[in-house]
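Counting from 1, position 65 in the sequence shown corresponds to residue 65 in UniProt numbering; the numbering is continuous, with no gaps.
It is worth saying that the hints were derived from the structure and are not from the lab.
Note that the structure is predicted; figures quoted are calculated from it, not measured.
By construction, the Cβ of each residue, glycine as well, lies at the ideal position given by its N, Cα and C atoms.
Wrong hints could be hidden among the right ones.
[Unchecked claim] Ranges of calculated distance between the beta carbons of each label pair, as one might list FRET restraints:
1) Asn-138 with Thr-108: 21 to 29 Å
2) Pro-119 with Asp-66: 46 to 54 Å
3) Thr-108 with Ile-8: 43 to 51 Å
4) Glu-12 with Leu-128: 37 to 45 Å
5) Cys-71 with Pro-119: 39 to 47 Å
6) Val-65 with Glu-12: 12 to 20 Å
7) Ala-68 with Ile-36: 17 to 25 Å
8) Gly-18 with Cys-115: 24 to 32 Å
[Claimed, not checked] Each computed DMTMM-like pair below joins lysine to aspartate or glutamate, with the alpha-carbon atoms no more than 20 Å apart:
9) Lys-42 with Glu-59
10) Lys-62 with Glu-35
11) Lys-42 with Glu-67
12) Lys-16 with Glu-51
13) Lys-42 with Glu-60
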Amino acid sequence: ANMRLHEIMDIEQSRKWGVCTLNDFQKVCINPDPEIADAAEKLYGDINNLELYVGLQAEESKPVVDEAGLCPGYTISRPILSDAIALIFNTRNSSGFFTQDYIPYNLTTRGFADCQQDPNAFSFGFTLGRLFLRRFPNQFEENSPCIFFPLMTPDSPSARPPSTYFLLLAHMYL
């Protein structure tokens, strides 16, 4: 309840940005409770219109066990863990802490170059597009709109070309 305002702001900002729906992000909402799925379908008219942020919040939580700590849904837990690891290892890049070892010698020349943003590269050098190209090498071309605007979809689901459903195919590569 204390985060209600932030959650509402997140939902509204996601709508302004045109963030994809949950079902564009993953084929089905991982919540076996039919009551929750029915409520979402009634609220959104069609389960395929369920927004990403809302769907992630409604996803079934991990089971609570001794010393489990945070027990979010499985999809949310992965980015939280990834962010925690990135914070630990990226302090040298962002805050100036440990900057003496952020050099090609310690990271390899290729690794160091990969950490740099190149505005002249495809996707304007943004990392998410590069990650999609690496993770789904046969799914995209370098000039694909999905690489330039990841997680964005056209206003109308019927106007979306089949290629924008790339995240629906992610399960084949995992």
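Status of each hint after checking the structure:
1. Asn-138 with Thr-108: 21 to 29 Å: Given a distance of about 26 Å, which is inside 21 to 29 Å, the answer is holds.
2. Pro-119 with Asp-66: 46 to 54 Å: holds, 49 Å
3. Thr-108 with Ile-8: 43 to 51 Å: This hint holds: roughly 45 Å between Cβ atoms.
4. Glu-12 with Leu-128: 37 to 45 Å: violated, 22 Å
5. Cys-71 with Pro-119: 39 to 47 Å: With a Cβ separation near 40 Å, Cys-71 and Pro-119 satisfy 39 to 47 Å, so the hint holds.
6. Val-65 with Glu-12: 12 to 20 Å: For Val-65 and Glu-12 the Cβ distance comes to about 35 Å; the hint is violated.
7. Ala-68 with Ile-36: 17 to 25 Å: Because 21 Å falls inside the window, the suggested range holds.
8. Gly-18 with Cys-115: 24 to 32 Å: holds, 28 Å
9. Lys-42 with Glu-59: The hint holds at about 17 Å.
10. Lys-62 with Glu-35: holds, 18 Å
11. Lys-42 with Glu-67: Status violated; Cα separation ~37 Å.
12. Lys-16 with Glu-51: holds, 12 Å
13. Lys-42 with Glu-60: Holds. Lys-42 to Glu-60 sits at ~19 Å (cutoff 20 Å).
The structure fails hints 4, 6, 11 (numbered hints given earlier, in ascending order).
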